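There are 2 protein chains.
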Amino acid sequence: MQVFPVDFQPAGRRVKIEAGQTILAAAQKVGLQLGEGGLAAPCGGRGLCGHCRVKVVTGAAGEPTAVERGFLKPEELQQGYRLACQAVVQGPLKVDIPTESLLGVQELQVEGLEVGVVPEPLVARYTVPLSRTTIDNPRPLWQQVAAELGTKIGAGQVRVDPNLARDEEPLADESAAVVTVRSEEVINIYRRQPVPPPLGLAVDLGTTKIAGFLLNLETGALLAASGLMNPQIAYGEDVMARLAYALEGDADYEAIRQVELEGLNNLASALAAKAGVEPTAIEEVVIAGNTAMHHLLLKLPVAQLARAPYVAALTTPLEVKARSLGLNFAPGAVVYFLPVIAGFVGGDHVAMILASRIDRPAKFTLGLDIGTNTEIGLSYNGKMLSCSCASGPAFEGAHIAQGMRAVSGAISAVRLSDDGNEVFWQSIAGAPPLGICGSGVLDAIAELYRCGILNAGGRLDTSHPRVRRPLGGGPPEFLLVPSEQAGIDSDLVVTQKDISEIQLAKAAIASGTSLLLEAAGLELNDLEEIVVAGAFGTHLRLESAIGIGMFPNLPLDKFRQVGNAAGTGACLTLLSASERRRAEAIARQVGYIELMNQQSFNDVFITSLMLP
Amino acid sequence: MQVFPVDFQPAGRRVKIEAGQTILAAAQKVGLQLGEGGLAAPCGGRGLCGHCRVKVVTGAAGEPTAVERGFLKPEELQQGYRLACQAVVQGPLKVDIPTESLLGVQELQVEGLEVGVVPEPLVARYTVPLSRTTIDNPRPLWQQVAAELGTKIGAGQVRVDPNLARDEEPLADESAAVVTVRSEEVINIYRRQPVPPPLGLAVDLGTTKIAGFLLNLETGALLAASGLMNPQIAYGEDVMARLAYALEGDADYEAIRQVELEGLNNLASALAAKAGVEPTAIEEVVIAGNTAMHHLLLKLPVAQLARAPYVAALTTPLEVKARSLGLNFAPGAVVYFLPVIAGFVGGDHVAMILASRIDRPAKFTLGLDIGTNTEIGLSYNGKMLSCSCASGPAFEGAHIAQGMRAVSGAISAVRLSDDGNEVFWQSIAGAPPLGICGSGVLDAIAELYRCGILNAGGRLDTSHPRVRRPLGGGPPEFLLVPSEQAGIDSDLVVTQKDISEIQLAKAAIASGTSLLLEAAGLELNDLEEIVVAGAFGTHLRLESAIGIGMFPNLPLDKFRQVGNAAGTGACLTLLSASERRRAEAIARQVGYIELMNQQSFNDVFITSLMLP
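Read top to bottom, the protein sequences are chains A and B. At position 330 of the first sequence the residue is numbered 330 (our numbering), and the sequence of numbers has no breaks. At position 113 of the second sequence the residue is numbered 113 (our numbering), and the sequence of numbers has no breaks.
What the hints contain is simulated information worked out from the structure, not anything from laboratory work. Everything numeric in this text was worked out from a predicted model, so none of it was measured. Some clues are possibly wrong.
A pair counts as met if it fits within one copy or between any two copies, since identical chains are not told apart.
Unchecked claim - Pairs of lysine-lysine, DSSO-like flavour, derived with a Cα cap of 30 Å:
id, residue 1, residue 2
1, Lys-299, Lys-152
2, Lys-299, Lys-73
3, Lys-558, Lys-55
4, Lys-16, Lys-497
Next up, chain A with everything else stripped away, as it sits in the complex (with noise of 0.2 Å):
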């Protein structure tokens, strides 16, 4: 049977597959997840839901089939749209994934820490009276305003944003009006009913993945909450293909700029959409990002930031109109940047440490914020050290043959039989298993390790009546579960290749962990606390974690996991003045070890690929 190549844009993967397999099909044997939803979700490719939409740029890829003719227009299909699941390979393909299918908007883990919190915003709400602007009363609309405010807040402070009088009609027309201000600032003002209440949107920005919270600044209460896959994955998966982008000149950095601006104003239309309001009733924002993410969407210099020693250009806490970074919210609206502590210690990190109060000099905590990059926070003594590794994107189902984020169908849990030949699994939502999750690899590795069906240096032992060789040849996998109960057409496996991986990570979190007590002069068994944090460090079972070696092998109950935490902080900061200055005092009091620069890095890591 003849086999051609698929090429998948803008992921820039490629895979060889049979002819007459669909798109879908070669989409899932390279790892790429379509469809809202996750890998052809809802439906399982049945042709049911018409999500899995993708634009066949060259090649031959069949006749539209009747379920494409239902769910796609004509001129849709004549633009080369098909559906990935009706679609068959019929030569070398060229395929492109739509923004909206890639990364549809979605569920993500956002929820977070309970942590009480006395809403103290940095936005108040006032009614004034107005009188109607006629020749015998020219007062306009802002006299009155600055008047009556001035009764309220002191004369001679009241200040207009000049974008708010740019958009409103000067001249009175009403009884009263409802306005927003900020450090004496008008920034926003409600003339007819409705009158929603005071807005604030926080965003947890990171590299994968935007999480955002939308709050009534009032209450503290948390009116919807969502996430999606940050849109600049199109123009790489890990921060340093980001930065090399935008190094490439200054329209490439304002496309990539422009992005996450289309994807953060994305959000907060969906948020809005949600709780039933526009996304101008948004009049505070904050930003918690990680630092390549901050500094992309302030466009500052990046140069530095892809080249030892990884230096920030900009640390401090900033506050920026929303309309001059191209945001659109509430026409005054600030957006108030966490400080960043490095070039890979962000926003995100600092409202962790918030969030979770590990700055409090009770206890000697470690708090670990896993993703791509994890960041890794101490707490000893009254000080605080940080660093950050680059544990890598495999938990989050990247780069695992057959990964997948943490959506229906995934493999979350795995336990084996003590002789590693029953296995036993859970997916997401109970969904027929369509691949495996970072805490199901996570699992997985650590009851093969459990059972000797893996030895310390992360070999497979082939004897195994699991372990086999792959058809075409290549090291051994590990039969999770086979087609037969699968959702896809094949066996789940664990391969070699995923063992490297999870222990590339699991060595990079553990020698962070290692070096940042080896520069506080501290001792695994000096840890009161070790505080996890987000998405996957929550759903993750610890005894796996630990089993590998990736957590320091201390009881269980020394353990908290956190969720979010660094939206949590966000959160914090953004109904809070004094959380705000609570989180400038951590940035500025948290002193960051470079990894690189440690001597006994290298040493540390090799030795720390081991199991456990």
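Here the structure of chain A is known, so what remains is to put chain B in place on it, guided by the hints.
Just chain B now, kept in the frame of chain A:
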């Protein structure tokens, strides 16, 4: 002899002139001022200076002379550029007057009041020690600056303007730097010598003129002062024409705004060059603008400014980043806009009141700032009232047959013998007279009335030997200077139409004064002081202004002529935060009287047309 029409663009003036006359003669006939320093100056149209460049768009203007071939490049000649003093009218012409010929940067009235002020600038300078950013010291520039400043202005308060951070190399490579801080934000940095002092720019932004003052913010020293014609003149001489232009659509609004921005950037560059610095050394800017100029620069809504009751969109003071407006100063420089009072009483009036100190409740004071619009302020019993009257551009030399601005060659003072047969005149710089400026016209008309050559209705006595009918017929005119004594080839005269123009102007000012007093319940004799501001107001002869009834008939020692008080006021608010607060208090305190709303306006105005 044949007569042809000549159309001047963009001024929109048309004149009919005999074949063989120069374009310069045509321009003079229609009152246009070409060349630096005024009408055909400095050479008087003798082909010596090359300043009267115009562009012949259509029509025949003879072959270029040797003089023109000397001053103009071949490609310029090919494009139609000519010297107005050389090119002769040989048919109907359309002539474009390039901005540089009409509006060249030149010295205007910039001297102001001497007002004592203790500099209390809004920016502060700090020298911060730095150490080189290296692998072993990975602290970037701004982190070091913020840490150093934190010890001086309070930890946790330091911000860096994002534009500044965008512009600067983020790695430190020096042992110290000088930074400028405003409201806890770093807005400028000097990383190598020379380090200019902190500089500020104060601007009096008028419809016709823009005056700029460059000051040392620490010492208060005036480093340079300059003025230029507002280049927006190309879009209309008066405020209404410019508003109409802006209202034609967003692109038109943006175009007229860009021209004003360009004017401000050019003014700043000229001032900086005089002081031997770059415009980017300007770290704080104050703009005292009339309301229309203020709105057009900020792109605020202006529809309501162009129709009764002529309401300002925004009257409150504003702070805007210069970069966000399009002004090229220090990266983080702030532009402070003085508050405005009403549609035709702007920040320049506030600045005038501030500088002339008429807000002090000790005296009953009237303050007049004479321009195309004349603003009048009245201070009494601790209260203030202001109004605006449309006095027109006659005192700027416009709409006067042989009017010109107050530059070299303008007749600035006139006396008559009691019988009116002898005329004594002075010209600016003692140059041969080329035309008459505002103070000269005012003098001439006052003297004509004093000598009985003009009656109270403003009619010339046609039996007087110097009163004659013009050559082509029409209303009578008074011969001021015969052509033999003039610097141009025609007699200098005062026409019946000139007298009407001045009557209208004086009636506007007198009615404003009268109605303001009426609104306050005061009599003329209650006034203890009359402050007269503005270039024309400072140079006019009080006796003449009183003689025609433009100013109230009060003892001369009650008058105080204070120069460009608006400019001085702008300087005061630039130098001192206290003065800024005081200006804002003035703006809030002043009550505004709309003359059109006063029932007695028409009666008073018509009565005021009479001399005196």
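Hint check:
| no. | hint | in the structure |
| --- | --- | --- |
| 1 | Lys-299 <-> Lys-152 | between (39 Å within a copy, 29 Å between copies) |
| 2 | Lys-299 <-> Lys-73 | neither (39 Å within a copy, 44 Å between copies) |
| 3 | Lys-558 <-> Lys-55 | neither (50 Å within a copy, 85 Å between copies) |
| 4 | Lys-16 <-> Lys-497 | within (18 Å within a copy, 92 Å between copies) |
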